[in-house]
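Protein chains: 2
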Amino acid sequence: MRDLITVAQASELILSSSLRATSVSLPLENAHGRILQEPIRADRPLPPFDRVMMDGIAVSRGHLLASLPTSSPTSSPIPIEATQAAGAPQMTLQNPHAAIEVMTGAPLPNNTDCVIPLEHYQLKDGHAYLSSEATLNHYQSVHPMGSDCQQDSTLLETGTLLRAPELGIAASVGATTLSVSKLPRLTILSTGDEVIPPSETPRPEQIRQSHPTVLTHLLQSHQLAEPQHLHLPDQQAALETAIKEQLHHSDFIVLTGGISKGKFDYVAPALRKLCGEPLFHGVQQRPGKPLAYWRYNNTQIFALPGNPVSVLATTARYLLPALTQYLGRPPRQCSLPLQTDIHWPSPLTGLLPSKLHDHGLLLETNFNSGDYISLRGIDGFAEASPGTHKHAKHFIFYPI
Amino acid sequence: MRDLITVAQASELILSSSLRATSVSLPLENAHGRILQEPIRADRPLPPFDRVMMDGIAVSRGHLLASLPTSSPTSSPIPIEATQAAGAPQMTLQNPHAAIEVMTGAPLPNNTDCVIPLEHYQLKDGHAYLSSEATLNHYQSVHPMGSDCQQDSTLLETGTLLRAPELGIAASVGATTLSVSKLPRLTILSTGDEVIPPSETPRPEQIRQSHPTVLTHLLQSHQLAEPQHLHLPDQQAALETAIKEQLHHSDFIVLTGGISKGKFDYVAPALRKLCGEPLFHGVQQRPGKPLAYWRYNNTQIFALPGNPVSVLATTARYLLPALTQYLGRPPRQCSLPLQTDIHWPSPLTGLLPSKLHDHGLLLETNFNSGDYISLRGIDGFAEASPGTHKHAKHFIFYPI
Numbered sequence: 363m364r365d366l367i368t369v370a371q372a373s374e375l376i377l378s379s380s381l382r383a384t385s386v387s388l389p390l391e392n393a394h395g396r397i398l399q400e401p402i403r404a405d406r407p408l409p410p411f412d413r414v415m416m417d418g419i420a421v422s423r424g425h426l427l428a429s430l431p432t433s434s435p436t437s438s439p440i441p442i443e444a445t446q447a448a449g450a451p452q453m454t455l456q457n458p459h460a461a462i463e464v465m466t467g468a469p470l471p472n473n474t475d476c477v478i479p480l481e482h483y484q485l486k487d488g489h490a491y492l493s494s495e496a497t498l499n500h501y502q503s504v505h506p507m508g509s510d511c512q513q514d515s516t517l518l519e520t521g522t523l524l525r526a527p528e529l530g531i532a533a534s535v536g537a538t539t540l541s542v543s544k545l546p547r548l549t550i551l552s553t554g555d556e557v558i559p560p561s562e563t564p565r566p567e568q569i570r571q572s573h574p575t576v577l578t579h580l581l582q583s584h585q586l587a588e589p590q591h592l593h594l595p596d597q598q599a600a601l602e603t604a605i606k607e608q609l610h611h612s613d614f615i616v617l618t619g620g621i622s623k624g625k626f627d628y629v630a631p632a633l634r635k636l637c638g639e640p641l642f643h644g645v646q647q648r649p650g651k652p653l654a655y656w657r658y659n660n661t662q663i664f665a666l667p668g669n670p671v672s673v674l675a676t677t678a679r680y681l682l683p684a685l686t687q688y689l690g691r692p693p694r695q696c697s698l699p700l701q702t703d704i705h706w707p708s709p710l711t712g713l714l715p716s717k718l719h720d721h722g723l724l725l726e727t728n729f730n731s732g733d734y735i736s737l738r739g740i741d742g743f744a745e746a747s748p749g750t751h752k753h754a755k756h757f758i759f760y761p762i
Numbered sequence: 363m364r365d366l367i368t369v370a371q372a373s374e375l376i377l378s379s380s381l382r383a384t385s386v387s388l389p390l391e392n393a394h395g396r397i398l399q400e401p402i403r404a405d406r407p408l409p410p411f412d413r414v415m416m417d418g419i420a421v422s423r424g425h426l427l428a429s430l431p432t433s434s435p436t437s438s439p440i441p442i443e444a445t446q447a448a449g450a451p452q453m454t455l456q457n458p459h460a461a462i463e464v465m466t467g468a469p470l471p472n473n474t475d476c477v478i479p480l481e482h483y484q485l486k487d488g489h490a491y492l493s494s495e496a497t498l499n500h501y502q503s504v505h506p507m508g509s510d511c512q513q514d515s516t517l518l519e520t521g522t523l524l525r526a527p528e529l530g531i532a533a534s535v536g537a538t539t540l541s542v543s544k545l546p547r548l549t550i551l552s553t554g555d556e557v558i559p560p561s562e563t564p565r566p567e568q569i570r571q572s573h574p575t576v577l578t579h580l581l582q583s584h585q586l587a588e589p590q591h592l593h594l595p596d597q598q599a600a601l602e603t604a605i606k607e608q609l610h611h612s613d614f615i616v617l618t619g620g621i622s623k624g625k626f627d628y629v630a631p632a633l634r635k636l637c638g639e640p641l642f643h644g645v646q647q648r649p650g651k652p653l654a655y656w657r658y659n660n661t662q663i664f665a666l667p668g669n670p671v672s673v674l675a676t677t678a679r680y681l682l683p684a685l686t687q688y689l690g691r692p693p694r695q696c697s698l699p700l701q702t703d704i705h706w707p708s709p710l711t712g713l714l715p716s717k718l719h720d721h722g723l724l725l726e727t728n729f730n731s732g733d734y735i736s737l738r739g740i741d742g743f744a745e746a747s748p749g750t751h752k753h754a755k756h757f758i759f760y761p762i
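Which chain is which? The protein sequence lines are A and B, in order.
According to this note's numbering, the first sequence holds residues 363 to 762 in order.
According to this note's numbering, the second sequence holds residues 363 to 762 in order.
Calculated from the structure, these hints are not laboratory results.
Treat the hints with care, since some could be wrong.
Same chains, same label: a pair holds when it works inside one copy or across any pair of copies.
[Said to hold, decoys possible] Dumping the calculated DSSO-like pairs for lysine-lysine here, alpha-carbon to alpha-carbon at most 30 Å:
1. K606 <-> K623
2. K635 <-> K486
3. K651 <-> K752
4. K651 <-> K625
5. K544 <-> K755
6. K635 <-> K623
7. K717 <-> K625
8. K651 <-> K717
9. K623 <-> K486
10. K755 <-> K635
11. K755 <-> K486
12. K752 <-> K635
13. K755 <-> K623
14. K606 <-> K625
15. K625 <-> K486
16. K486 <-> K651
17. K755 <-> K717
Sequences are here, hints too, so could you generate the full structure?
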């Protein structure tokens, strides 16, 4: 372990060597999950007019208070002059002692400053008769123009993750084309002569390929990249040719397998020849100890160990944060309490498969790296130092 | 409030009247986020063969122990007979006192039962010289055939949400076509004469439409429905025609706006005429008090109040759980602790915009229903009873 760096050092080397995405314009309907590259501003004050918030009648409060008998304001009927529908041009109250019937969402009529909700009066023969619950406060049931924000104020900052509410805000100010971070060109290069496509029938010594399925769905579902995939034989020349080609075309290259010290592990020799020394090769962690990382010109290269749990653990701990930062957001991670006591027997830092259970973590300390089965239903990975940890202790959690 | 039902009653009426999705076959690459409708089983034992877990040499432990001088097992060189690569057919050890070089992922050669990792020997002139750290335990560094599961055992149950690890499992057993819940036909019928498309320039009294953007992205991103949208004028005849048409074509109809008691609120009259009495109209909640719900033949009809916060709050509390259950999963909700003290001043149950902050909830009690701005960055809604609540108290949280 002398030559291995720590998990924190590896993470720091990756994040500090990361580049930043350029921008691309997208129509609003394709922008879910993307990250804003320029602010969205209000094109009008919000609300854009004094907006009626309840169905009712709009009155001129001052005139009405002056004209109603103070002892019994409910005894005098108020004539209804007109009806102001939502979407209809703003009306004007002609008789200051009368009222205009108003609908939720309509502009408050000129010459009125108070809305009395329909629960607080009765309509009869074109007149409203106020009930004893009626109040006459200034701008009651009115959402005043500009009270949420002024014209040109920033509604969504650069770096905002666009989810449903944020896209609603964009729609409401007419931002139908958005400048967002361009997804990186990411190439998955899988290795392993024992691996065949999922649609084929394996010979006894073969297994079906699953890493590209896992990585592609994970990156697509978080809108972190639109990956392409190539499978390569365990031959150094073939690896060199493919990597060299991708160095020209990819912002990120993610290799799986072939990074240990076995006889046919040609990933490190090929990358050393093409890109020089890695920023690191080997991390004090389990799973994922052989992880290596290069930065070459504008390409970031992750060489992940080929075991399924290693692939997903190192992706959650290093690759997803790097992609998130590349796109302009702080990496996703959070601190969560353990739901049970655990013991992590390895001297290496654990990247442990974890499930979220209400407000805490359920960790798996006894897993085999060789199959995805042990990852059924997990929500991410938690980082565990060696030893025994008590219920309620907080761990850093990396979601997938 | 006498005629209003509680939030729990409304939820129960909706969920108990819900139907269940049929199934559809999808290729593996399109199945992310979908819900399994039939189990996925292992087509072979997993691992499918005794799998080498470390690069090293495979030996016959018994023969080797018998032949090595017990006082100094490291002094005798072990001849290397052959190399067993991953993906190559299983070899057979010929000389029981020799070894076969093996790679991670390869089948364990016949006549061997122990792998010595390459860190624990030195290779010289075709012979391995064991170091003092070498051990010779039965099946060490071997992942035994069938130790994860037997052939035909169920790997993923009906009802499983397919995320990246689960799709990796499906790929590994050759399940390239999956039977999943068919998404419901869902139609959003928005109302409001003040509303124009986001791409148009509003007159002073108009606003741009945002509900369909919010609902469509929310439902699509969770793979709950592939919605279509129509905007309708505030006219009862037009509403009746559109709703009647959709009752034949939609599993879910979601209306926004027009469900209060205003002069132009024609949604309830139109639905009463077409579908009879609702299961409820009006809930003891804020926002969203006018919410109404019908079940008519095989269609579930949600009439949401038209304010932005009401639309999203009632969607999170009622519509998303109904769709999730329809598709075959328990509704998503969890119990989380408050991060601060709060006071909820309304006598109605609050559906409060909430952000997740590490392991707890930050709630907004002072919001205006009229704009999506107050929903920037929220993660969902929490259900709050009236009054004061202390830090660390648990609330039920409904994610968006």
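Is it within, between, both or neither when you check K717 against K625 at 30 Å Cα-Cα? Neither way: K717 and K625 sit 37 Å apart in one copy and 51 Å across, limit 30 Å.
Checking K635 and K623: alpha-carbon separation at most 30 Å within a copy, between copies, both or neither? Within one copy only: 16 Å inside, 75 Å across.
Homomeric proximity label, K752 with K635: Cα distance no greater than 30 Å: neither (47 Å within a copy, 61 Å between copies)
Reference check for the pair K651 and K752, CA-CA at most 30 Å: within, between, both, or neither? For K651 and K752, the Cα distance is within 30 Å only inside one copy (26 Å; across copies 45 Å).
Could you figure out if K755 and K717 sit no more than 30 Å apart (CA to CA) within one copy, between two copies, both or neither? both (16 Å within a copy, 22 Å between copies)
I want to check one pair: K651 and K625. Are their C-alpha atoms no more than 30 Å apart within a copy, between two copies, both, or neither? within (18 Å within a copy, 69 Å between copies)
At 30 Å max between alpha carbons, let me know whether K651 reaches K717 within a copy, between copies, both or neither. within (23 Å within a copy, 36 Å between copies)
Copy assignment of K623 with K486, given that the CA separation must stay at most 30 Å: between (91 Å within a copy, 17 Å between copies)
Taking 30 Å as the upper bound on the Cα-Cα distance, should K635 and K486 be classified as within, between, both, or neither? Between. Shortest inter-copy distance 26 Å satisfies the 30 Å Cα cut-off; intra-copy 91 Å does not.
Copy assignment of K606 with K625, given that the CA separation must stay at most 30 Å: within (22 Å within a copy, 70 Å between copies)
Homomeric proximity label, K755 with K486: Cα distance no greater than 30 Å: Neither: 67 Å inside a chain and 50 Å across chains, both beyond 30 Å.
Alpha-carbon proximity between K625 and K486, which holds within one copy, between copies, both or neither at 30 Å: between (94 Å within a copy, 14 Å between copies)
Violated hints, listed in ascending order, are 5, 7, 10, 11, 12, 13; each of the other numbered hints is respected by the structure.
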